[in-house]
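K.L.:
The lines below spell out each chain.
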Amino acid sequence: SQQGEEDPQALSIQEGENATMNCSYKTSINNLQWYRQNSGRGLVHLILIRSNEREKHSGRLRVTLDTSKKSSSLLITASRAADTASYFCATLSNAGNMLTFGGGTRLMVKP
Amino acid sequence: EAQVTQNPRYLITVTGKKLTVTCSQNMNHEYMSWYRQDPGLGLRQIYYSMNVEVTDKGDVPEGYKVSRKEKRNFPLILESPSPNQTSLYFCASSPHGGVTEAFFGQGTRLTVV
Numbered sequence: 001s002q003q004g005e006e007d008p009q010a011l012s013i014q015e016g017e018n019a020t021m022n023c024s025y026k027t028s029i030n031n032l033q034w035y036r037q038n039s040g041r042g043l044v045h046l047i048l049i050r051s052n053e054r055e056k057h058s059g060r061l062r063v064t065l066d067t068s069k070k071s072s073s074l075l076i077t078a079s080r081a082a083d084t085a086s087y088f089c090a091t092l093s094n095a096g097n098m099l100t101f102g103g104g105t106r107l108m109v110k111p
Numbered sequence: 001e002a003q004v005t006q007n008p009r010y011l012i013t014v015t016g017k018k019l020t021v022t023c024s025q026n027m028n029h030e031y032m033s034w035y036r037q038d039p040g041l042g043l044r045q046i047y048y049s050m051n052v053e054v055t056d057k058g059d060v061p062e063g064y065k066v067s068r069k070e071k072r073n074f075p076l077i078l079e080s081p082s083p084n085q086t087s088l089y090f091c092a093s094s095p096h097g098g099v100t101e102a103f104f105g106q107g108t109r110l111t112v113v
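Protein chains in written order, with my numbering: chain G, 1 to 111; chain E, 1 to 113.
Keep in mind that the hints are not guaranteed to be accurate.
[As the list claims (entries may be wrong)] Dumping the calculated DSBU-like pairs for lysine-lysine here, alpha-carbon to alpha-carbon at most 30 Å:
| # | chain 1 | residue 1 | chain 2 | residue 2 |
| --- | --- | --- | --- | --- |
| 1 | E | Lys65 | G | Lys26 |
| 2 | G | Lys70 | E | Lys57 |
| 3 | E | Lys17 | E | Lys57 |
| 4 | G | Lys56 | G | Lys110 |
| 5 | E | Lys57 | E | Lys71 |
| 6 | E | Lys69 | E | Lys57 |
| 7 | E | Lys57 | G | Lys26 |
| 8 | G | Lys70 | G | Lys26 |
| 9 | G | Lys56 | G | Lys70 |
Please keep in mind that the hints were generated in silico from the structure rather than gathered at the bench. The model shown is predicted, which means the values in this text are computed figures rather than measured ones.
Chain E on its own, in the form it takes in the complex (with noise of 0.2 Å):
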């Protein structure tokens, strides 16, 4: 089944401690995204990657960091995690950047205390 899949889905962490969300898709998508979504604000883009050792910035990058080093896996990582991060976070991918469709994952609530 073609899919994206993130880990792990809910997520409490302490201000400070560094954690890893991960990405996975299985569908050989060239593009893959980090949203996060929050009350009021809709889904702002934190990083992309148009493809493998190619990432950029989107528009709320600030307090974090990606790593596209194969094409399926994207990685998102909080280094000092601090309650402003607290959110619900999407990675998607698609074939072609936003040419065609996004295929979302199930989503990662995380809260940080």
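So that you can see chain G by itself, here it is in the shape it has in the complex (with noise of 0.2 Å):
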């Protein structure tokens, strides 16, 4: 089963605009993840939000989490050519032994 659900599916933006992605997710978790995927290659780790925190920034990366809400954003800012990929929310299950993906988000940065 999908626990998150990205939004948008596709996203398309200039160099230098930025880029929000939208995660949203059905049970309580303990954390959750960020992923980013180059066409075919394996997932990259961004960035990791504990259940009782609010916002967490990494460089040109800031997520969000609403737990009451049961959703995540994550922002790119200054978006850059290299940024093309598709990003993946994760969550991880409360008993700690599953982390369960979302379907993703198509980022395109146009130079």
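Using the supplied hints, reconstruct the complex from the two chains, each of which is provided in its own coordinate frame.
P.N.:
Listed below in structure tokens is the structure:
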């Protein structure tokens, strides 16, 4: 079953603009993570936010978490062509044994 | 270099011919897992292992087997592959389940004809 649902499914922006992706999930979580995947390659971890945290920053990335709405957002500021990739949110169950991924957002950043 | 290594990267096989996809990690991670990725369905977990000799089913375990005899290796076995197992497969490892980040292999693209 898919725990997380990303929105939008696809996003196309110009270089320099900000990109915002949203993730909604269904059940209580231990933490929520965002991953990036370049076409057909393995996923790379970007950032993790714990269930008791509301916001986290890492470089040009900003993640928010609203556990009352069961949702998270990933903001990439000042996007670059190299940010073109698919982005996935993943939630860790409270039991801590399963990391469940959403369907992903395909981001295209045009030079 | 810390990494998760899958082999083979590409495989075309025929229905019913047993195959094994290997996965090895050099980070001494306790937790390992297998996912399949299909268009429109994202990544779905097949099996996971919390430690040596401990394995559990994920969301889509039917048609797959795994074993965890040693910490570094977690092979995925398809005893009798079928065309609906055509997919992109990823192995991942992490120190303690998903409490911290997961490290992914580069993927195995499997086609069953």
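K.L.:
Determine for every hint whether it applies to the structure shown.
P.N.:
Hints, one by one, checked against the model:
| no. | hint | verdict |
| --- | --- | --- |
| 1 | E:Lys65 <-> G:Lys26 | 29 Å, holds |
| 2 | G:Lys70 <-> E:Lys57 | 25 Å, holds |
| 3 | E:Lys17 <-> E:Lys57 | 23 Å, holds |
| 4 | G:Lys56 <-> G:Lys110 | 27 Å, holds |
| 5 | E:Lys57 <-> E:Lys71 | 18 Å, holds |
| 6 | E:Lys69 <-> E:Lys57 | 17 Å, holds |
| 7 | E:Lys57 <-> G:Lys26 | 20 Å, holds |
| 8 | G:Lys70 <-> G:Lys26 | 7 Å, holds |
| 9 | G:Lys56 <-> G:Lys70 | 16 Å, holds |
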